[in-house]
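Required output: the full structure, derived from the provided sequences and hints.
There are 2 protein chains.
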Amino acid sequence: MNANAPLNVLAADANPATSLEQRYGAAMPSLGAAPNAVIESLLGHRTVRAFSDSPLPEGTLEWLVASAQSAATSSNLQCWSVVAVQDPQRRARLSVLANNQAHVRDCPLLLIWIADLSRLDRAGEKTGIATAGNQYLEMFLVAAVDAALAAQNATAAAESLGLGTCYIGAMRNHPEKVAQELGLPSDAFAIFGLCVGVPDETRPASVKPRLAQSAILHHEQYRVENEPAAVVDYDQVMRGFQRSQNMKEVDWSAQSAERVSGPGSLSGRDRLVSALRALGFGLE
Amino acid sequence: MNANAPLNVLAADANPATSLEQRYGAAMPSLGAAPNAVIESLLGHRTVRAFSDSPLPEGTLEWLVASAQSAATSSNLQCWSVVAVQDPQRRARLSVLANNQAHVRDCPLLLIWIADLSRLDRAGEKTGIATAGNQYLEMFLVAAVDAALAAQNATAAAESLGLGTCYIGAMRNHPEKVAQELGLPSDAFAIFGLCVGVPDETRPASVKPRLAQSAILHHEQYRVENEPAAVVDYDQVMRGFQRSQNMKEVDWSAQSAERVSGPGSLSGRDRLVSALRALGFGLE
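Protein chains in written order, with our numbering: chain A, 10 to 293; chain B, 10 to 293.
Hints were generated in silico from the structure; no laboratory data involved. A portion of the hints provided could be inaccurate.
You can't tell identical chains apart in this list, so a pair holds if it fits in one copy or across any two.
[Stated by the list, open to error] Straight-line Cα separation of at most 16 Å, EDC-like style, residue types lysine to aspartate or glutamate; simulated pairs:
#  : residue 1 : residue 2
1  : K135      : D242
2  : K135      : E234
3  : K257      : E134
4  : K217      : D260
5  : K186      : E210
6  : K217      : D244
7  : K186      : E30
8  : K135      : E267
9  : K257      : E190
10 : K135      : D244
11 : K217      : E30
Here you go:
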């Protein structure tokens, strides 16, 4: 980290100045303007739950999937799939399964990302090779990571096109019912959804601040010493953000601990192990 | 997907034409040039294992982490951390734990991504709130997905800066020893590494083709009908790629099935469950 070569390979965007301040609140000294258009676009991420009625431009889905497939995949196994749901009735049914979130029903494109070992099962059938390794937690994790890397590339691509997105973890509230709705084969699991659409400009979303880098980034070894001060600051940064959004004020540390206070706080996902076993995963 | 609005919000890059052909081989009709610089950069991903001796420009690490923190995170829990390893001796020791991969030893920056529930444990201690929910597989999965989304944003940022990257799944071959090397607290797991560096121009990497979209992208429901033809084509595309790289020719379907043929093909990761339990995860 000690050379003076320029950081900007891609041309920087027109509106660079405030991205770090928005991302960290007052807690982090500025590095200056984002070095290029890609990083500027990544830093501008916000969760969009309000979409306009505008349809998506032709080719959008295919570019999102091409971007997703361009992400790294463990050993090139490509252990993921994606189901594009555009039928309003199917989106409405999936919304009911995902805690009745309105944006699941109302977005023009709902992408359901599948941690998918079934294609390897079929490759085994085609070649006469056993695929008993699929029954291990390791392979479930490979599929989950493959799906997440792919989805994040699709998200970055969508946002670069001016679209808004919202991940839907609640797609795990009823895994077997979601699998049935989507006709998933054995060894395939809908790990999360992603709403995609044109943001409703009358209900704009804001960039949410994150913890200071001192709480997340460690050098050489993990050290917790910097974390308490960073969390105290962040509790205040989030209270300021909540005030600006007319949301109820609460410390991040308390809200986050409450979120994992026990099995009852997991929205039914405390039964994920049995759901995955019912879907064919061994998790050995 | 039926409007005619333009796709290009960001300005397109200078060298747009061949990205889809490289990504899919001859198997997919072209959509034309990538609509903007972000998508062009995502489509240009390749795994880089050969790095030059050039140090990274000042500020690189901080921009990568700011990009990573800008990714979505489930319920804003931010269940991940990253350890930046630049000490050559530590990289050498980690290389030994990761199947002796030379690029782990030789890259200037090794980022180890941590699926990290320990911060929530500390938030619980700070606030006096129980965090028994951390003991469920669901929360391990949340942490794994959070870490993967963050890492992929860092990868996209690195590539936009002209840097090369390589994910290191072998960081899971010896989880307890990696945790010890990095001084990880309980409930923290090194899910993968990421080598970052300036690509060695004398040993350039190539874009690896992927399965056709017809095998990955499903509309409304999962359908396997298109997959057999896509896999037959892809086996040939990959043989062509392997020939072009002077690699041994093998069908993707056979190579991939072999990779999961049984516990012995998982590089020691068949014991992931017991390793995670030893690191504090309940996986209930």
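Copy assignment of K135 with E234, given that the CA separation must stay at most 16 Å: Answer is between; shortest inter-copy Cα gap is 14 Å, intra-copy 54 Å.
At most 16 Å between C-alpha atoms: does K217 with E30 qualify within a copy, between copies, both, or neither? Classified as within: same-chain Cα gap 11 Å, cross-chain 37 Å, threshold 16 Å.
Could you figure out if K186 and E210 sit no more than 16 Å apart (CA to CA) within one copy, between two copies, both or neither? Classified as neither: same-chain Cα gap 34 Å, cross-chain 50 Å, threshold 16 Å.
Are the CA atoms of K257 and E134 at most 16 Å apart within a copy, between copies, both, or neither? neither (55 Å within a copy, 23 Å between copies)
Are the CA atoms of K186 and E30 at most 16 Å apart within a copy, between copies, both, or neither? neither (42 Å within a copy, 38 Å between copies)
Treating 16 Å as the Cα threshold, decide for K135 and D244: within, between, both or neither. between (55 Å within a copy, 12 Å between copies)
Within, between, both or neither: how does the pair K135, D242 come out at a Cα-Cα threshold of 16 Å? between (57 Å within a copy, 14 Å between copies)
Status of D244 relative to K217 across identical chains (alpha carbons, at most 16 Å): Within one copy only: 13 Å inside a chain, 44 Å across chains, cut-off 16 Å.
My question is about K257 and E190: at a cut-off of 16 Å on alpha-carbon distance, are they close within one copy, between copies, both, or neither? neither (36 Å within a copy, 42 Å between copies)
Can you give me the call for K135 and E267, within, between, both or neither, at a CA distance of at most 16 Å? Between copies only: 12 Å across chains, 48 Å inside a chain, cut-off 16 Å.
For K217 and D260, with the copy left unspecified, which applies at a CA distance of at most 16 Å: within, between, both, or neither? So K217 and D260 pass the 16 Å test inside one copy only (14 Å; across, 46 Å).
When each numbered hint is compared with the structure, violations occur for hints 3, 5, 7 and 9.
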